[in-house]
Amino acid sequence: MLQVEGVVKSFDDFKAVSGANLVVGQGEIVAVIGPNGAGKTTLFNLITGQLRRDSGKILFKGEDISGLTPYEICRRGVGRSFQIVNIFPRLTVFGNVQVAVLSQQRRSYNLFRPAQNIAVEKTQSLLESVGLWDKGKNVAGSLSHGDQKILEIAIALGNEPQLLILDEPTAGMSPEETSATMGLIQHLAHTRGLTILFCEHDMEIVFSIAQSIMVMHQGRTLIQEKPEEVRANKEVQEAYLGEE
Amino acid sequence: MIHSKPLGWALAFFIILLILPSIVPRFFVYILALIFVTSLLAMSLNLLVGHGGMFQFHHAVFYGVGAYTLALMVTKTSLPIWVGFVAGPLMAAMAGLIIGWFCVRLTQLYFGMLQISLGSLVWAVVFRWYSFTGGDDGIHGIRMPPFLSSLTSSYYFILIILVISLILLYLILKSPFGNTLQAIRDNPDRCAAVGIHVRRHQLTAILIATFFAGMAGVLFVVLEHSVFPDLLFWVLSLEIFIMCLLGGWFTFGGPILGAAITVSLRTFVGKYTEYWTMILGIILILLIFFLPEGVMGYFQGIFKPRAKEGAQRRM
Amino acid sequence: MGFSVPYGAAELAGQLLVGLSRSMILFIVCAGLSFVLGVLRVPNIAHGSLYMIGAFATFSLSKFFAGSSAFWIALILAPLLVVFLSLIAERALFCHLYQREHLMLLLFTFALSLILGDLVKIVWGAEYRSVAAPAMLKGSISLLGSSFPRYNLFLIFAGLLVAVALWLFVNKTKFGKISRAAAVDRDMVGMLGINVSWVFAAAFVMGCYLAGLGGALVAPTVSITLGMDHTLIIEAFLIVTIGGLGNMWGALVGSLIFGVTHSLGVLVLPQFAIIFPYAAVVIVLLLRPKGLLKSVW
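These protein sequence lines map, in sequence, to chains A, B and C.
In terms of my numbering, the first sequence is residues 1 to 244.
In terms of my numbering, the second sequence is residues 245 to 559.
In terms of my numbering, the third sequence is residues 560 to 856.
Calculated from the structure, these hints are not laboratory results.
Any given hint might turn out to be false.
Said to hold, decoys possible - Cross-link-like lysine-lysine pairs, in silico, PhoX-like; alpha carbons within 20 angstroms at most:
id, chain 1, residue 1, chain 2, residue 2
1, B, K418, A, K137
2, A, K57, A, K15
3, A, K122, A, K135
4, B, K418, A, K122
5, B, K418, B, K249
6, C, K622, C, K680
7, A, K137, A, K122
8, C, K853, B, K515
9, C, K736, C, K622
Unchecked claim - Covered stretches of chain B (chain C as the covering partner; in silico rule of three or more C-beta atoms under 8 angstroms from a C-beta of chain C):
id, region
10, 329 to 339
11, 505 to 514
Ideal placement from N, C-alpha and C gives every residue a C-beta, glycine not left out.
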């Protein structure tokens, strides 16, 4: 479903990504791991269009998406959550998700019908599926950090993506919240047939739910393999141990 | 679902406004009508600034375009006045579309400064083209049809148009479009990532806002029977900005309050001193330091603490 | 509408030189505006008012000192008066806003311009004032077949002097380097142990000095009136925008474009001369919306 080949991205003299390769098959759950500064978020930004790659290919369902804007990439079925919480703080929780749903239903230009009455069921069911429906009327900026991260995911889901990219979805969460969130992600993948690409620092999570792991180090892809093989790989061990 | 309590108050207030011309002196009727016109102008700006997060720094241009369109149609053609009433907002919206199309390609400060540039060009043309627009004298003695010839009838006409416009603006703000616009204000990048074509929505908002600004311009002519280049001057643009800030730009009715306060103060203060501009400047500084959410925002903060918590972003 | 009759080379040269001297004034003022914009990221709307105060102060000071060197004394003192005023505004009020949104800073400068504008009205009244050029710069000399006012030549010279001084300042002095760094990354500068607030204050004051200087220099060539601030600030904004926000050399380029197109306009279509620079601005912005030269940030 998603293929990244030899992607390079530099900022002036700094090579943030210097040869990234990634393959994500349909329905898979794939994780990207690597020490801080390895270029994971940059890679995600390149995939979803916030940044333009210098060279290399990014193919989504066979189509080259490297030059497209985030808006176009989203319309093709890619959803994204962000590492730093990126919600709409002044809107309600319901409103946050509704924005995505309305966009998906191409109703964002609708001028005269009250938004409260549109796409209510869909938005509510989304909120329910992530466990936030009782907080629907709260202003998003007042939610706890963990809830805001979940809201992030809900917003991304509002577009009914086929590929969901999650950038450190459990960053800053407590252990209970973390396992609940990862359980949620797995559940969503199964019930909605989503393909999931995520990156994380918590290795337990990664190794427990990812079917394939890609390891990045200093902007390069080291390997991409099944979890057991990654665990046993010497280069990976060196990269991580070397950083400690 | 419109909440019944505020609606009740609004209705009562409206009825009072309807009765007023028969009980208060002429001068107050005039001031009220002026407040109505200015309110519509401020509300139209706030759609873009408060709800859309755009740096619409030269909104007055569209006000002026609407006003001058009507003025020119009445004085230079013999078309019925209704054509002018419709042409005013339409011309303003067209100007909004043209200028907006250029500005929307840029963000924030660049947007604002480009708009000042383009707007000033329009102002300069109006200011210098003596033979067509009357130059810096403007156009005076614009004839209104008999049903609008008295102050009272103008008052009612303006009030009706204002109320209709407010209802429309309210509907728009509560619609999916309005929600999307506010989302764009809060986080344009997230919107793009969610499949929203940010620029197109912003341009649509500009179209709507400039349409209503042009409408306000038309109403100005109905009230004053004249136009002058100051209507397009950048100082007025910033004054409207201040009105929105004063009233509270994240609220619906804030700009109306801001307009009312500003016009009243200007009239009242103007009787005692000719240095209203300085007073306005001092008020603005006080606002910036002590009341950045505006008057209405401040009161909302007291009565709705949860909403205030969410206001961590911006200002 | 009145197109002019075809002009000769002498007239063209004369008009262009006038345009050039006008450009120099604009450059001096806009360099200040650009500098503040670059470091503080705020377009100072009060810049026009300070320019106006510089002009009015020059009027009063040269009347007060009377005598042959009156103008020169005024030229030195007037910008200092402007600096003094801006320092008060900055230390008392402005500096408390540095943490706020840029929009608030912008609105503050607008408020300041309103207050200063009326202040001028209170102190000097609404009449037109004028300042005579100093004795040694009175009259004109013959240049390229056209008679060219000495004072305008002086303006060109002054402008170039300021340009050189600014270049030295920004590139060779420590403060210049710090302010360039602060423009790009103020947090970084703060972490280096430099008091960012003082950097802002100094940058602001320097920008205002240039505004006052521009006002003082322009005084003998125009009638000094209320409303000078409005006309100037619009032109300054346009110039800074087409030059590239925060870029002082962009201010030079923009000023040249502005001044020269205005002169051409005077030659071709006197009634609408002012449209020419505005149209030039629009054209530049259509082609290069972010300005001709790179913005500092």
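Taking the hints in turn, this is what the structure says about them:
no.	hint	in the structure
1	B:K418 <-> A:K137	holds, 15 angstroms
2	A:K57 <-> A:K15	holds, 17 angstroms
3	A:K122 <-> A:K135	holds, 16 angstroms
4	B:K418 <-> A:K122	holds, 18 angstroms
5	B:K418 <-> B:K249	holds, 18 angstroms
6	C:K622 <-> C:K680	holds, 18 angstroms
7	A:K137 <-> A:K122	holds, 16 angstroms
8	C:K853 <-> B:K515	violated, 49 angstroms
9	C:K736 <-> C:K622	violated, 40 angstroms
10	329 to 339	violated (count 0)
11	505 to 514	violated (count 0)
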